[in-house]
Amino acid sequence: MLFRKATDLTYADVTPKAVYLDRRRFLQAVGIVGATALAGKRLFELAMPSRTALAATKFDDLIKSPFSTTEKQNSYENVTHYNNFYEFGTDKGDPAKNAQKFNTSNWVVSVEGDVAKPRKFTMEEILKIAPLEERIYRHRCVEAWSIVLPWIGFSFSSLVKLVEPTEKAKFVAFQSYYDSRQMPQGRWAGIEFPYVEGLRVDEAMNPLTLLCVGMYGESLPNQDGAPVRMVIPWKYGFKSIKSLVKIKFQSKMPPTTWNLAAPNEYGFYSNVNPHVDHPRWSQAKERRLGEIFRRDTLMFNGYGDQVASMYNGMDLKKYY
Amino acid sequence: MRALLTSKSTKVAVFLVCLIPLGTLVWRGFHNGLGANPVENIQLTTGDWTLRFLVFTLCITPFRKVLNLSDLIRFRRMLGLFAFSYLCIHFLTYLVLDQSLDPSAIWKDVAKRPFITVGFLGFLLLLPLAITSTAGWIRRLGGKRWQMLHRAIYFAAVCGVIHYYWKVKSDVRMPLFYGALVGILLLWRLGDWFFKRRSAAGAKLSPQHVPANPAQ
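Residue numbers (this note's numbering), protein chains in the order written: chain W, -7 to 312; chain S, 433 to 648.
Heads up, some of the hints might be wrong.
[As the list claims (entries may be wrong)] Result set (BS3-like, lysine-lysine): computed pairs, CA atoms no more than 27 angstroms apart in a straight line:
(1) W:310 to S:599
(2) W:240 to W:153
(3) S:540 to W:309
(4) S:599 to S:544
(5) S:599 to W:89
(6) W:309 to S:544
(7) S:628 to W:309
(8) W:89 to W:238
Treat the hints as calculated values from the structure; they're not laboratory data.
This is chain W alone, in the form it adopts within the complex (with noise of 0.2 angstroms):
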C-alpha cells in the first residue's frame, strides 16, 4: 500500500470487534484511514460500504468440540455481513443492514406434535438445557460459496430426550419468526414467510445437529438468526433455519420452504453432494469466501463418516 501516515483514527465505520479481533484487518484499517486522510473522507464515505456496529452477550467456559474442523476460519466481519436472510432482504448484505432493531426479546420455542410432555421454552430455559459447546463447522451455501465458523449451542437431542417424541414421531417440522412490520423487506423475497424446514427424526437427533445460541464467543447477531436456530452442517445452509419459534415432531413429511418455491430445484434433504448439481448451477465446487478459485466441494459438506450411513440405499440424486 501506498500510504505509510495515519494521522488521525477516527474509523468510525469498521465495528471496533472486528479490528481487534483480526490484526490483519486493523493494520488495513489504519491504512485506510491514512488513504482518507490524504485523499479525502468523503470520497471514501462514497466509495466504501458501510459497517455496522453489533451488540452481543459473552459466553464463557465454552467446552471444545471433537467435532470441530482445524481449517481457517473466516473472519467475523464477513461471515456477519454476507448471508441469506431472506425476511431482512434478498442481497447479500441485507440482513446485517436491516436486522440491526430486529427484537428478540421474551423469545419463547414452542415444541409440539407428537411428543409426550409439549412445552414452550424461553431462552433461559434454552441456555440451561445442555453445557454449551464450540463448534467449528464448514457451511456451505446452495449457492455455492463456503464458510468456516465457530457456532456455539449443544446436540438437538438434547432438547428432544425432554420432550420425549411418541412412536409416531418421524419427521420434525421447523418454524422461523415472522413479523412483517420487523420484517418488510420479506414482502420481495418471492417465497412464503413463515420459513419452514424439516428433517427426518433420525437426522435430527443426529449428534452433529445443532441447537445453535452464539457464534464467536457471543450470543447470535441478529442478521445470523437471533436468538435461537438450528445448525445442519452436512446440509445446504437454507436447512439451518434462523430465528427458531416452533418445533413440531410429526408422522408426515413436513412442507419446507425452498421446496415449495421451486420443488425442482431444492428437495426435502438438500445434502450437500457435489455429484447431484442444482439445475441452474454447478454443485462440484464452491468458493470459499477469503479465496479466489473455487475449491472441490465433499460430499455431504465432509461430514460422511458421521452421516453418510443414514442414507444407506437411498437413491441421492431423487431423493436430493
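Given chain W, put chain S in place with the hints provided.
For chain S alone, coordinates are given in the frame of chain W:
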C-alpha cells in the same frame, strides 16, 4: 444544446464518466471494499453495468428522434463499446476465477445450464458488433448491411435480461426492471417502424400528403 453535444470535451467527459464504475471497482479492490466475496461482487457489478450500458445504447435512437437531438449519435458507439468492455470483464472473471480456464468444465457449464448458455449467446452476439464498430468496417460492409448486423444488439439485450432473470433465486424485481426498460425501448422501435411503413404507404396513395416526421 447542439454545441454542447458536438463539442469534443463533452465526448471526453462522457468517456471519463463511463469509466467511473470500473474505477470504483478497482479502488474498492485495493482497499478491501469488495465485501466477503470479491469475485462475486465484481461479477454482479460488471453484469449490472453491462445491462445498463446496453440500455443507454438502446436509448440513443429514440432520444434522437423524440427529442430531435440527432447529434446524440456521436455517443452511441462509445456506449456500446463500454457495454462490451464491462461484459468482457464479467465473462473473464467467469472463465478464469470460476472455471479456472478449464475448457471441459466451461463447455459442460455452457451446454448444460440455460442461464450460462443464454449469457454466452449474448456475448457471441455482441462480439461481431464490437469488431465491426469502426468506420472502416461500416464502409466495407456498406451502411445497410452494417445496420442489419448491428440490430443484433436487440437480441443481445434480451439475452442479458433472461440471463439475469434465470440467475436470481426468487427476488426477480431487478431482472424485471431491466426487462421492462429493454421491452419499452424495443417496442418503441417496433412502433416507429410500423408508423413509418404506414405513412410511407399513405404517401404513395396520396402524393399531396407529406408525412409529418420531424426526425427525418
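(request) With a cut-off of 27 angstroms on the C-alpha distance, tell me whether residue 540 (chain S) and residue 309 (chain W) pass. (result) holds (19 angstroms)
(request) Starting from residue 599 (chain S), check that the Cα of residue 89 (chain W) is at most 27 angstroms away, please. (result) holds (24 angstroms)
(request) For the pair supplied as a hint, residue 89 (chain W) and residue 238 (chain W), confirm whether the alpha-carbon distance does not exceed 27 angstroms. (result) holds (26 angstroms)
(message) For a C-alpha distance cap of 27 angstroms, please report whether residue 599 (chain S) and residue 544 (chain S) respect it.
(response) holds (14 angstroms)
(message) Given the hinted pair residue 240 (chain W) and residue 153 (chain W), is their Cα-Cα distance within 27 angstroms?
(response) Distance ~14 angstroms between residue 240 (chain W) and residue 153 (chain W) Cα, so the pair holds.
(request) Quickly compare the C-alpha distance for residue 309 (chain W) and residue 544 (chain S) to 27 angstroms and report which way the hint goes. (result) holds (17 angstroms)
(request) Would you check the hint for residue 628 (chain S) and residue 309 (chain W), treating anything up to 27 angstroms between C-alpha atoms as holding? (result) With a Cα-Cα distance of about 56 angstroms, the restraint between residue 628 (chain S) and residue 309 (chain W) is violated, given a limit of 27 angstroms.
(request) Below or equal to 27 angstroms on CA atoms is what counts here, so check residue 310 (chain W) against residue 599 (chain S). (result) holds (24 angstroms)
In this structure, only the earlier hint numbered 7 is contradicted, and the remaining ones agree with it.
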